[in-house]
Amino acid sequence: MAETNDKKAPSAAALQPSKTQSGDLVVAFSGDWELGQTLPETRSALGAIASLPAGGRIKFDTTALGGWDTGLIVALSRIEESANKHNIEIDHSGLPEGAAKLLHLAFAVGERSGAKRSDEKSSLVIRIGKATSRAIGNLKSSLAFLGKFMESLGRFFTGKANYQRNDLWVTMQEAGAEALPIVGLISFLIGIIFAFVGVIQLNKFGAGIFVADLVAVGMVREMGPIMTGIIMAGRTGAAFAARIGTMKVNVEVDALTTLGLDPMDFLVLPRVIALVLMLPLLTIYANAVGILGGMMVSLSMLDVSATQYWVQTKSAVTIGSIVTGLIKATVYGIVIAIAGVKSGLECGSSAQAVGTATTSAVVSGIVWIIVSASVLTVIYITLGV
Amino acid sequence: MISTDTEAPQIEVRDLTLAYGSFVVQGGLNFTIPRGQVFIIMGGSGCGKSTVLKSMIGLKQPAKGEILYRGESYWDTDDDARERLMRNFGVLFQQGALWSSMTLAENVALPLEQYTALGTDEIHDVCRLKLALVGLAGFEDYYPNEISGGMRKRAALARAMALDPDILYFDEPGAGLDPISAKLQDDLILELRDSLGATVVIVTHELQSIFNIADNCVFLDPETKTQLAVGDPKELRDHSEIFAVRNFLNRGTLTPPSVSDDEPAASAPAAN
Numbered sequence: 286m287a288e289t290n291d292k293k294a295p296s297a298a299a300l301q302p303s304k305t306q307s308g309d310l311v312v313a314f315s316g317d318w319e320l321g322q323t324l325p326e327t328r329s330a331l332g333a334i335a336s337l338p339a340g341g342r343i344k345f346d347t348t349a350l351g352g353w354d355t356g357l358i359v360a361l362s363r364i365e366e367s368a369n370k371h372n373i374e375i376d377h378s379g380l381p382e383g384a385a386k387l388l389h390l391a392f393a394v395g396e397r398s399g400a401k402r403s404d405e406k407s408s409l410v411i412r413i414g415k416a417t418s419r420a421i422g423n424l425k426s427s428l429a430f431l432g433k434f435m436e437s438l439g440r441f442f443t444g445k446a447n448y449q450r451n452d453l454w455v456t457m458q459e460a461g462a463e464a465l466p467i468v469g470l471i472s473f474l475i476g477i478i479f480a481f482v483g484v485i486q487l488n489k490f491g492a493g494i495f496v497a498d499l500v501a502v503g504m505v506r507e508m509g510p511i512m513t514g515i516i517m518a519g520r521t522g523a524a525f526a527a528r529i530g531t532m533k534v535n536v537e538v539d540a541l542t543t544l545g546l547d548p549m550d551f552l553v554l555p556r557v558i559a560l561v562l563m564l565p566l567l568t569i570y571a572n573a574v575g576i577l578g579g580m581m582v583s584l585s586m587l588d589v590s591a592t593q594y595w596v597q598t599k600s601a602v603t604i605g606s607i608v609t610g611l612i613k614a615t616v617y618g619i620v621i622a623i624a625g626v627k628s629g630l631e632c633g634s635s636a637q638a639v640g641t642a643t644t645s646a647v648v649s650g651i652v653w654i655i656v657s658a659s660v661l662t663v664i665y666i667t668l669g670v
Numbered sequence: 017m018i019s020t021d022t023e024a025p026q027i028e029v030r031d032l033t034l035a036y037g038s039f040v041v042q043g044g045l046n047f048t049i050p051r052g053q054v055f056i057i058m059g060g061s062g063c064g065k066s067t068v069l070k071s072m073i074g075l076k077q078p079a080k081g082e083i084l085y086r087g088e089s090y091w092d093t094d095d096d097a098r099e100r101l102m103r104n105f106g107v108l109f110q111q112g113a114l115w116s117s118m119t120l121a122e123n124v125a126l127p128l129e130q131y132t133a134l135g136t137d138e139i140h141d142v143c144r145l146k147l148a149l150v151g152l153a154g155f156e157d158y159y160p161n162e163i164s165g166g167m168r169k170r171a172a173l174a175r176a177m178a179l180d181p182d183i184l185y186f187d188e189p190g191a192g193l194d195p196i197s198a199k200l201q202d203d204l205i206l207e208l209r210d211s212l213g214a215t216v217v218i219v220t221h222e223l224q225s226i227f228n229i230a231d232n233c234v235f236l237d238p239e240t241k242t243q244l245a246v247g248d249p250k251e252l253r254d255h256s257e258i259f260a261v262r263n264f265l266n267r268g269t270l271t272p273p274s275v276s277d278d279e280p281a282a283s284a285p286a287a288n
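As given, the protein sequences belong to chains W and H, one line each in that order.
Residue numbers for the first sequence follow my numbering, so the first one is 286 and each next one is one higher.
Residue numbers for the second sequence follow my numbering, so the first one is 17 and each next one is one higher.
Hints may be right or wrong, so weigh each one.
List of simulated lysine-lysine pairs, DSSO-like, C-alpha gap at most 30 Å [unchecked claim]:
{"hint": "1", "chain 1": "H", "residue 1": "80", "chain 2": "W", "residue 2": "415"}
{"hint": "2", "chain 1": "W", "residue 1": "445", "chain 2": "W", "residue 2": "433"}
{"hint": "3", "chain 1": "H", "residue 1": "76", "chain 2": "W", "residue 2": "445"}
{"hint": "4", "chain 1": "W", "residue 1": "406", "chain 2": "W", "residue 2": "425"}
Derived list of chain H stretches under chain W, where covered just means 3 residues or more per stretch with a C-beta under 8 Å from a C-beta of chain W [unchecked claim]:
{"hint": "5", "region": "73 to 81"}
{"hint": "6", "region": "101 to 108"}
So the derived list for chain W, only partly shown, Cβ under 8 Å to chain H, looks like this [as the list claims (entries may be wrong)]:
{"hint": "7", "residue": "444"}
{"hint": "8", "residue": "447"}
{"hint": "9", "residue": "540"}
Quick caveat, the hints were computed from the structure, so don't treat them as lab data.
Beta carbons: idealized from backbone N, C-alpha and C, even for Gly.
Let's have the full structure, built from the sequences with the hints guiding it.
Following this line, the structure appears as structure tokens:
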């Protein structure tokens, strides 16, 4: 684009507006106007434009101009914009031919009205209002989603839902058997932590054997379901959201819909059912491994035998407490699965949207686990179970 | 699937208006597509062609108006009827939209498993045949990310044809194809129309394809947000009263008319 191709060191760019006797403004450019250089401000020229008398024109003098590139065009377009604002005519004849053409091109298509995003700050009231209506919209969409899901569940139980059996089995495997190692590891460690705390505290007044009660009841009623739930929210809830979200981005979900396959039946249903079935099973496993962990610590730190510990554990855990824990696990399974598939189906159509959907699946999954845990605990206490 | 009912037009669009929220994309659309026709929806980029297609295939509810399939209004009917109508569509999305977790054969097989009583072996044979028809014999066990973009498009066509649909929809079928492949695809579309007796609706702005295969077309205008003309594209290219339509079909090579010449016609939308 440069007019001169000689390789001498660049000379400093300068700009000199001067008024002629006929009332015109001549803007003289000199030196190299290239983006890499320090370019002078165009303000002096803009100020001169504003004070130009009516009928005056703007002319350019580029005889002393060296090389130029976009740097010059940007300066020129600033001048042109300012001139347009003040309704002042511009004479392009003094410019290099290429620069005049580019300038013409830049102003050939006017700015599309409404296309520019306004970045003005809205007032607090407006922002609160917008946030409120967004929250109401979210609530409505959640209810609509639940309603559709219930319809779909109805179709499942009447055998009318269109889904792939295979998909259900594979998801069960992914959300069940394949999660055993991580669930086992975490539960084992939780059992150990429980037992350490118990051994140190209970031994102070010689009640060391009650560590068995603490570990067993703690795992079965609370920590087993919650830890399994949190692991599965991070592991499977996120996977649901990412998988369905990516299908959304690739219009694979639309492709299902146009075949008459309801994404609710085809994608959501098998995933929710698989997770709801698997979570209680994983919880039973987590409980057992946790109790085993606690037992190991107790046997090594306390003066109890394995039989004693086992008998104590058996007397502490009732069928009732196991069932309450499993009910919790089932509820966690529902909230994790719904949070995952809902975030996936509401995913936008960009890579960033998939990330947001995955994050929201995990965060809302965990939040809902804790919320429902609190609610269920209160209900259990009230009922005395 | 192929019936000989020719009484009502296959597709009829009546006073259709599409909007995102309060932003109207296109309004006042009226056209009919008889059985067996190749119909093109065209217009400049961003005029809402794809949105019109979306509402025709049941992905976007119109703000106003109706779309009739053999006289039955798609958006006013119940879910069961809608699903039945939908099963007669084959849709080829712009990027193919193959299910990426399934092989090509599984992609083609899914609609067959859902809607036919065919056994596993028969479905396997149908998949092989459909893939062979689009020149992908031997690629049954490939995943969509293992083949090229053009092949994905052809595989998606095989999936769209799986249930021998009455109506085939194409969204920009030529986009991303080299000239030879684009020509082959045009030939394939005509072949399908003739052999299946299918009605074909195509969203495109590729003039070469339009003149090669179209029987009829509608021109959507982004400025006035409505249709400017309906008719045979060759006819419109040479004789349309509306400059914007002629200019579009002549690749923008015409010089704008003087104001007194064409302007009155251009301001009257939906002139035929």
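Here's how the hints hold up against the structure:
Distance check on the hinted pair: residue 80 of chain H and residue 415 of chain W sit about 27 Å apart at the alpha-carbon level, within 30 Å; holds. Restraint check for residue 445 of chain W and residue 433 of chain W: the C-alpha separation of about 15 Å stays at or below 30 Å, so the hint holds. Distance check on the hinted pair: residue 76 of chain H and residue 445 of chain W sit about 25 Å apart at the alpha-carbon level, within 30 Å; holds. Pair hint residue 406 of chain W plus residue 425 of chain W holds up; C-alpha atoms about 28 Å apart against a cutoff of 30 Å.
Closer than 8 Å: that is the beta-carbon criterion, and the region 73 to 81 of chain H has 3 residues meeting it against chain W, so the requirement of 3 holds. Check result for the region 101 to 108 of chain H against chain W: holds, 4 residues qualifying (beta carbon to beta carbon below 8 Å, three or more required). With its C-beta approaching chain H no nearer than about 14 Å, residue 444 of chain W sits outside the 8 Å limit, and its interface hint is violated. Taking 8 Å as the C-beta cut-off, the interface hint given for residue 447 of chain W holds, the closest approach to chain H being about 6 Å.
Against a cut-off of 8 Å between C-beta atoms, the interface hint on residue 540 of chain W holds, since the closest Cβ of chain H lies about 4 Å away.
Hint compliance for this structure: hint 7 alone is broken.
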